[in-house]
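J.: Protein chains in written order, with the numbering used here: chain A, 13 to 491; chain B, 251 to 510.
I should point out that these hints are in silico values taken from the structure, not numbers from a laboratory. Hints may contain errors.
Cut-off 16 Å, straight-line C-alpha distance, at most; resulting in silico cross-link-like pairs (EDC-like, lysine to aspartate or glutamate) [to be verified]:
#1 A/435 x B/400
#2 A/151 x A/166
#3 A/41 x A/77
#4 A/53 x A/166
#5 A/208 x A/156
#6 A/435 x B/370
Residues of chain A clear of chain B, computed beta-carbon distances all greater than 10 Å [what the hints assert, rightly or not]:
#7 269
#8 438
#9 439
Quantities reported herein were computed from a predicted structural model and do not represent experimental measurements. Beta carbons are placed, not taken as given, at the ideal position from N, Cα and C, and that holds for glycine.
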Amino acid sequence: MSSSVLQNLVNQPYRHGFVTDIDADVVPKGLSEDVIRLISKKKAEPEWLLEFRLRAYRHWLTMREPTWPNVKYPKIDFQDISYYSAPKAKQKLASMDEVDPELRRTFEKLGVPLHEQKALAGVAVDVIFDSVSVTTTYKQRLAEVGIVFCSFSEAVRDHPELVRKYLGSVVPPGDNFYAALNSAVFTDGSFCYIPKGVRCPMELSTYFRINTQESGQFERTLIVAEDRSYVSYLEGCTAPKFDTNQLHAAVVELVALDNAEIKYSTVQNWYAGDENGVGGIYNFVTKRGLCKGVNSKISWTQIETGSAITWKYPSCVLLGDNAVGEFYSVALTNHHQQADTGTKMVHIGRNTRSTILSKGISAGYANNSYRGLVKIGAKAANARNYSQCDSMLIGDRCGANTFPYIQVNNSSARVEHEASTSKIGEDQLFYFAQRGIGAEEAVSMIINGFCREVFTQLPMEFAVEATKLLGLKLEGSVG
Amino acid sequence: MMPGESLLEVRGLTASVAGVEILKGIDLNVRAGEVHAIMGPNGSGKSTFAKVLAGHPAYEVTSGEVLFEGKNLFDLTPEERARAGLFLGFQYPVEIPGVTNLSFLRLAYNTVQGARGKDELDPLEFDDYLQDKLKLLHIDPAFLERSVNEGFSGGEKKRNEILQMAILEPTLALLDETDSGLDIDALRIVANGVNRLRSPGNALVLVTHYQRLLNYLTPEFVHVMDQGRIIKTGGKELALELESRGYDWVSAEYRALRAA
């Protein structure tokens, strides 16, 4: 009985799998310098940005797809992807009310109302649909305290000096295969700048939606926190159900200057493919934060529940003395999902500290790997790292792996690594059942207990969301 | 349940695990208000019998019938059996990391209460309810904040089983070697706790190797199991006899009886 109960439990519906019927301006499939020039022209970009793209593209041509992740998928044909898809806007929008009603309905259905009146109180949202930003809420209110929060395209137009200074400063265009591809073809994303001494009064958030079947999504997020500033940033993502795979190759760069703090949280719920592993998003993302200033701090919190394949390592480069890097992660894989995710903590400054807390959950036939690098540089005196990687298996056909890499070049460093693997088995479920508790509630209770330390790192609204999402992912009819 | 009314009727029960037959035809009647002890050598099928009644998925019932309060027990899922008042005190309680004992106990209590059409308790009310039960078993409240059974000593695990029994108030409790792993003081506390939970409307089935538990919980019936069958039933004095003479003579007597 028990194995079939578990099977039913992990057969969950995906509730964001619908497609919006909307006229889109789609660039024909294929990638070349001409396509890049076309994208740049469509976006009326300055020459330096086109140069940035072309340099990245030329570098990309010399690179090979990484094969070291512990994931399997057929070779991607990069000429079979459309690199730009934008809903056709009739004219430039003057206010939220002019957003295409079809789009507005889409986001309302996804629980992301575009009206500020209806929006979550205290959360400003930049909404990205395929390749472009649809709208950004609360822009005015944020501007009053000097915060810039807008789409990447607007930032290029209105704050070119900031974009030019920081773009590629954390993730250089040639950093890795997918970062290079993104640098060549990225279309939009979010930009956020917190001036000196400002504590951002609300959560900032980007909601990513892929809608077109044959386009990839390549967005770019850049957050700069000046001295003594603070920002908490949230990211959410969904996509329709298609029986083909869509590529999502984003780059996120964070820069924290002296005494600044950035908290970056993600609830990733891309379509994961069906129970046989058909369709779903390939989520190949480069996220990196630079703790440039003294006493700066960057925290990554991620709840990864979607995507057919996840390949991402939100990292911290701890350059400033006393800088702090944190990584809190829950990665849930089900059916035939594969995840190879973790972090890199690179200690360069003195007295730098990092914490890694990773919780991997595998169900069905899924394969879940934690891969993490802790590197202590020669000058990072008294650097400290604590890592804990816990894996949980649901059923007996899934897998979990941990690949910790530790490089220490300073003898005053202290590095600790702990790992554990547990299993929700027949005997645990029977124990709950014997106390009157059904399998669904039992699994949800065990999972929530397992993830608790990570959930407490999320902003309140997201913590509730994340708990519900994991429940949903493991929901199903019992028996 | 009224005293003397039939709670559990087992007729010709056979069950197997992985194709190997473990229970080879068990008959047993338990009435409200009674205490039964099931004794017997290791591997005789005592624990299997308890787990089959509770509905452990690893065991397959191959024939026979079990009525619980007059209803077919095998029509119920394991959780429905628990909600209906059947409780199994585990010989080896599993650990559940990350889930606090308190939240586990409250969820179990509220689920069972809900199924019985009674009011659920909010966390504060539940805490009041719990305090008395903790005192009954001399349990430190700090124990509630720990993960279920994780890092518990053998004795703590067994005490936790009886705490759950005290909270869920079952009609029929099957206690599978609850006495093993307990020192003399802990045994007295646990046994006294169980004694106080007895009422004319409920019943106890104790699976045990030792007479010492029966000093506190006096059984009306002592059954000896061997090779998947109950081969002898007697009164409480049978337990004393087993303690001094072992099991071999019972098996010999049974074989002789069968041959005759």
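J.: Taking the hints in turn, state whether each one holds.
T.: For each hint, the structure was consulted:
1. The suggested pairing of residue 435 of chain A with residue 400 of chain B holds, with an alpha-carbon distance near 14 Å, which does not exceed 16 Å.
2. Distance restraint check for residue 151 of chain A and residue 166 of chain A: the Cα-Cα separation of roughly 12 Å lies within the 16 Å cut-off, and the hinted pair is therefore satisfied.
3. At most 16 Å may separate the alpha-carbon atoms for a hinted pair to count; residue 41 of chain A and residue 77 of chain A exceed this at roughly 20 Å.
4. Under the criterion of a C-alpha separation no larger than 16 Å, the hint pairing residue 53 of chain A with residue 166 of chain A is consistent with the structure, at around 15 Å.
5. With a C-alpha separation of about 14 Å, the suggested pair residue 208 of chain A and residue 156 of chain A falls inside the 16 Å cut-off, and the hint holds.
6. With a CA separation close to 31 Å, the supplied pair residue 435 of chain A and residue 370 of chain B exceeds the 16 Å bound.
7. Listed as outside the interface, residue 269 of chain A is consistent with that label: its C-beta sits roughly 38 Å from the nearest C-beta of chain B, beyond the 10 Å cut-off.
8. Non-interface status of residue 438 of chain A relative to chain B is broken: a Cβ of that chain comes within 10 Å, the nearest being about 6 Å off.
9. Residue 439 of chain A, annotated as away from the interface, has a beta carbon of chain B within 10 Å; the closest lies near 5 Å.
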